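Visitor: For reference, the chains in residue letters:
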Amino acid sequence: MLLIRCPYCEEERPELEFRNAGEAHIVRSANIAGESEDDFEKYFFIRANPKGVIYERWRHIHGCARFFNAVRDTVTDKFVMTYKAGEPKPAKLPGASK
Amino acid sequence: MNAAFRIPGAGRLSQAKTASFSFDDKSYTGIEGDTLASALLANGVHLVGRSFKYHRPRGFLSAGAEEPNALVQIVRDDARKTPNVRATVQELYDGLTANSQNRWPSLAFDVGAVNDIASPLFSAGFYYKTFMWPKSAWKSLYEPKIRAAAGLGVSPDRPDPDHYAARYAHCEVLVLGGGAAGIAAALAAAETGVRVIIADEQAEFGGSLRFESGARIDGENGFAWAQGAIAKLKAMDNVRVLPRTTAFGYYAQNFVGLVERVSDHLKTPGRELARERLWQVRAGRVVLATGAIERHMVFADNDRPGIMLASAARTYLNHYGVAVGRNVGVYTANDSAYAAAIDLKKAGVNIAAIVDLRDNPSGSVIDEARGLGIEINFGRAVVRAGGKLRVSSMTVQPKNGGGERTVPVDAILMSAGWTPSVHLFSQSRGKVAFNEETRRFVPGTYAQDCVSVGACNGTDGLDATVEEAYAAGAKAAKDAGGKDSGIKAGKGTKPTVDAGESWSRGMLGAAPGAGAGTTVKAFVDFQNDVTAKDIRQAVHEGMHSIEHVKRFTTNGMATDQGKTSNMHGLAIAAETLDKPIPQVGLTTFRAPYTPVTFGSIVGHARGPLFDPTRRTATHGWAAAQGAVFEDVGQWKRAWYFPKAGEDMHAAVNRECVTVRKTAGLFDASTLGKIEVVGPDAAKFMELLYTNPWEKLEPGRCRYGIMLREDGFIYDDGVVGRLAPDRFHVTTTTGGAPRVMHHMEDYLQTEFPHLNVWLTSITEQWAVIAVQGPKSREIIAPLVEGIDMSDEALPHMSVREGKICGVPTRLFRMSFTGERGFEVNVPADYGEAVWEALWAEGQKHGATAYGTESMHVLRAEKGYIIVGQDTDGTVTPNDAGLDWAVGKKKTDFVGIRGMARADLVAKGRKQLVGLKTKDAKVVLEEGAQIVEDPKQAIPMKMIGHVTSSYWSENCGRSIALALVAGGRDKMGKTLYVPMPNGTIEVEVTGMVFVDEKGERLNG
Chain U
1 MLLIRCPYCE
11 EERPELEFRN
21 AGEAHIVRSA
31 NIAGESEDDF
41 EKYFFIRANP
51 KGVIYERWRH
61 IHGCARFFNA
71 VRDTVTDKFV
81 MTYKAGEPKP
91 AKLPGASK
Chain E
1 MNAAFRIPGA
11 GRLSQAKTAS
21 FSFDDKSYTG
31 IEGDTLASAL
41 LANGVHLVGR
51 SFKYHRPRGF
61 LSAGAEEPNA
71 LVQIVRDDAR
81 KTPNVRATVQ
91 ELYDGLTANS
101 QNRWPSLAFD
111 VGAVNDIASP
121 LFSAGFYYKT
131 FMWPKSAWKS
141 LYEPKIRAAA
151 GLGVSPDRPD
161 PDHYAARYAH
171 CEVLVLGGGA
181 AGIAAALAAA
191 ETGVRVIIAD
201 EQAEFGGSLR
211 FESGARIDGE
221 NGFAWAQGAI
231 AKLKAMDNVR
241 VLPRTTAFGY
251 YAQNFVGLVE
261 RVSDHLKTPG
271 RELARERLWQ
281 VRAGRVVLAT
291 GAIERHMVFA
301 DNDRPGIMLA
311 SAARTYLNHY
321 GVAVGRNVGV
331 YTANDSAYAA
341 AIDLKKAGVN
351 IAAIVDLRDN
361 PSGSVIDEAR
371 GLGIEINFGR
381 AVVRAGGKLR
391 VSSMTVQPKN
401 GGGERTVPVD
411 AILMSAGWTP
421 SVHLFSQSRG
431 KVAFNEETRR
441 FVPGTYAQDC
451 VSVGACNGTD
461 GLDATVEEAY
471 AAGAKAAKDA
481 GGKDSGIKAG
491 KGTKPTVDAG
501 ESWSRGMLGA
511 APGAGAGTTV
521 KAFVDFQNDV
531 TAKDIRQAVH
541 EGMHSIEHVK
551 RFTTNGMATD
561 QGKTSNMHGL
571 AIAAETLDKP
581 IPQVGLTTFR
591 APYTPVTFGS
601 IVGHARGPLF
611 DPTRRTATHG
621 WAAAQGAVFE
631 DVGQWKRAWY
641 FPKAGEDMHA
651 AVNRECVTVR
661 KTAGLFDAST
671 LGKIEVVGPD
681 AAKFMELLYT
691 NPWEKLEPGR
701 CRYGIMLRED
711 GFIYDDGVVG
721 RLAPDRFHVT
731 TTTGGAPRVM
741 HHMEDYLQTE
751 FPHLNVWLTS
761 ITEQWAVIAV
771 QGPKSREIIA
781 PLVEGIDMSD
791 EALPHMSVRE
801 GKICGVPTRL
811 FRMSFTGERG
821 FEVNVPADYG
831 EAVWEALWAE
841 GQKHGATAYG
851 TESMHVLRAE
861 KGYIIVGQDT
871 DGTVTPNDAG
881 LDWAVGKKKT
891 DFVGIRGMAR
901 ADLVAKGRKQ
911 LVGLKTKDAK
921 VVLEEGAQIV
931 EDPKQAIPMK
941 MIGHVTSSYW
951 SENCGRSIAL
961 ALVAGGRDKM
971 GKTLYVPMPN
981 GTIEVEVTGM
991 VFVDEKGERL
1001 NG
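Note that the protein sequences, when read in sequence, are chains U and E. Our numbering puts the first residue of the first sequence at 1, with every later residue one more than the last. Our numbering puts the first residue of the second sequence at 1, with every later residue one more than the last.
Source of the hints: derived by calculation from the structure; they are not laboratory data. Be aware that one or more of the hints could be misleading.
If the Cβ cut is set under 8 Å, some of the chain U residues that face chain E in the computed set are [said to hold, decoys possible]:
1. 37
2. 81
3. 85
This one's a predicted model, so the numbers in the text were calculated from it and none came from an experiment. Heads up, the beta-carbon is just placed ideally off N, CA and C, and yes, glycines get one too.
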């Protein structure tokens, strides 16, 4: 069972308290009704599914109930960091070589 | 009284405390502290089982958890018959009853042993090759026969009467393994004051100090030192000592699963005691001190009872005081077997000969053995064992060939060397590395915060082990405590090793006489009956990866997970492939390390505690009325209320007719309810539902549809606007949690600028639906402060007031098509208000109705149920609900999705009504619909039945269905092919009762 740090509770809590909510930083268009089929496909269906670092959303559903963002390595399952919803994608990851 | 092979003065058990037990209906006497294995050996019993495939007679290979052979059934009573218990692990208790497995009619004479004679037929990959054809015979003939023949032991046929406990625990340092290394590490960590847990699978701590007679630590015998150290640890508040506890799984972020055997060793386990306890431990640092496992020699007929690991024989002697024979042979490729020979010789057991594969080894143990007058043969191999139910001889030959000599023996001790137990390290995703010099896999790259110490780390010698472990324990405590913890290591005193034993090396693979070109039965994997020949054959037949060799031969795939066999199997494969061992690779170790009972994983979560049960406020009333309940998610809902003599059909018919004739009461409390509150509540509703909300007046209701972004219907429900800034939203019963999640998701992440709060109020309000022409007469006398007239309270409106003196949110709404109300009251008053309404209802001949009638009544009106009439691929248009989509809206969740080309294309499945041509025939829900029943199979299916009922009100069956282009097929005849004939149906509208909706309003 993974330990996940909730950026709102500022605590590491067991995975059981959380629910994954898919890839992060996917922007819903302010004019979604006017989007082209291609743009809507990209927005709604296409996901990166990377081997390695993924930016994803989690919800502390059995805790503070807040949604937040996390950076996780899909190979090692290790969380690199978590940050609050609405904060920008971190430019530099802790422990990254570049 | 005294068992024949118990040696007076030897071992640590108190001879005074005897325990009687039976094995295969024969009674024996053992001593408290024995394992079943040591007690049987004390009585001279070696034959304890038959092997899996060839039914060969088997005895004890080991004295521990790695045992592949001595699997027995322990019987306490009819419900407690545990199969496949390792006799080497099962502690003896007075009255223990054990039976051998996989034999018929008896252990000594087993008919299944014909498989051994026919063994050329059962070579590697036998199942894959033999049962391929005819294909049809697999299901009817081969599989049932194979399944009947397969498996060891018999599972009990009654529910498990025992209970199993579970604990979560946290510690800075978790030490796995309680030998010299584990104890030293635990002492060092514990002295710093951090929380320490130390676990060992044995009843007593000490690990290999149990048999290492030469070990001395801090001035005393090694095993005695271990007991003293454990007593010291137990006395410390920050230490938890767990004997009889196996770490079976190492998971992410130092999360380790352990199972503690609480009462399997007790004569009469009290009811208050769990059988086993699951520990789920989160540790700052894990110290792996899991030791090493001795390997057997791979030679012809090396599985005869009486042939065992040298360390096992030594354990039986030095700990249990049992000699495994009177005239013992030794076959070895390393030093450790010499120590066993020396101990046995000193205890008065004759050592027939030591056969050492090495050419000219030297060392103190060899000198000591020679000094005791033991015959030693270097450069020789045991090429065959004699005897069947018990080994009777060993045949010795120079390892490069030459004259044979047969030595009579009644036991053979063997040692091919020691394999570090890297199982848990490997489970932690650490990468093992092959040490060319010592020819063993040791921990290489670590993936988690753990450290390996002692034999499992490839550290040889007791002194080096204690040194390494003590330092690692102190460092683990310091690291786990963190930089600022002020933890200082080295407060205590490192144990001093005065004398220890040390050995390494040995050999991997088949011994001479069992190598390439031979066909003898030299077992690599005893539990799955895999021989050296099988592995070579697998390679010859094209299995070049060790993973393929493993699956083709099943080497290492038995419940012992190849603890003794993996390295031999790998070496034979590597030799046959002519590749270095690291290139062939080691198979991955997986949890569990040893078998774990389902009970310990399940714990208390069984029966009524498997899943929470949710009951509504009127549950007790309904039960008293004789209601039959159905499960709807976690809810128990009243399904129907049968009167005396009524079956379900009759009860539902009566309920449905009564609702339309007079009135009915229905508990709708399970519907999800969410309060949407705030200055931007209407804006939020506009975005989450397809309907317009801004202009809905307070006091009015609207049927809302929620979509996912893809444009498909996600949920629906009636929403009441209580105030400009307050909506009372209802959801489907099953949808409540996910709708809340969906709303929170958008509120928190897409529309965080909206000033809105969401609160689940499902359990706060009990909901009593009163439906039917007399519904107002039933409610009105109990209501205060609400004008109930049609003008003041029309259909689809909501008022707040009082009923029976308690607050109510009174909805005028209908899921039946009749004049109807839904009375919301605080859940605590739910039952009282229901009883008051019921009393009023009785004056008008009203009925209570359940979910089945609710379904029929709503289907008569064509009201859909999301999740039954929709399946996640249905748009509002498909469901005929275009009217509920705000045409002028520029945004809501799903607005773009439902405009996708495929979703507005012609020919989509649309919801329609169906009437069977024969009014009495009720369609089956889920039945497929075709246009032409005469077409060839497979037919083109154009839709399916989503809802179907007998409608007593209509005097016929009614159904809803999703049919491709359904609305263009009104009046057309379609067909529903069923196993016993094709049913003709007519496509109709979805409303079967009161098409104009006049009854709703009055």
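Visitor: Could you work out which earlier hints the structure fails to respect and list their numbers in ascending sequence?
Guide: 2
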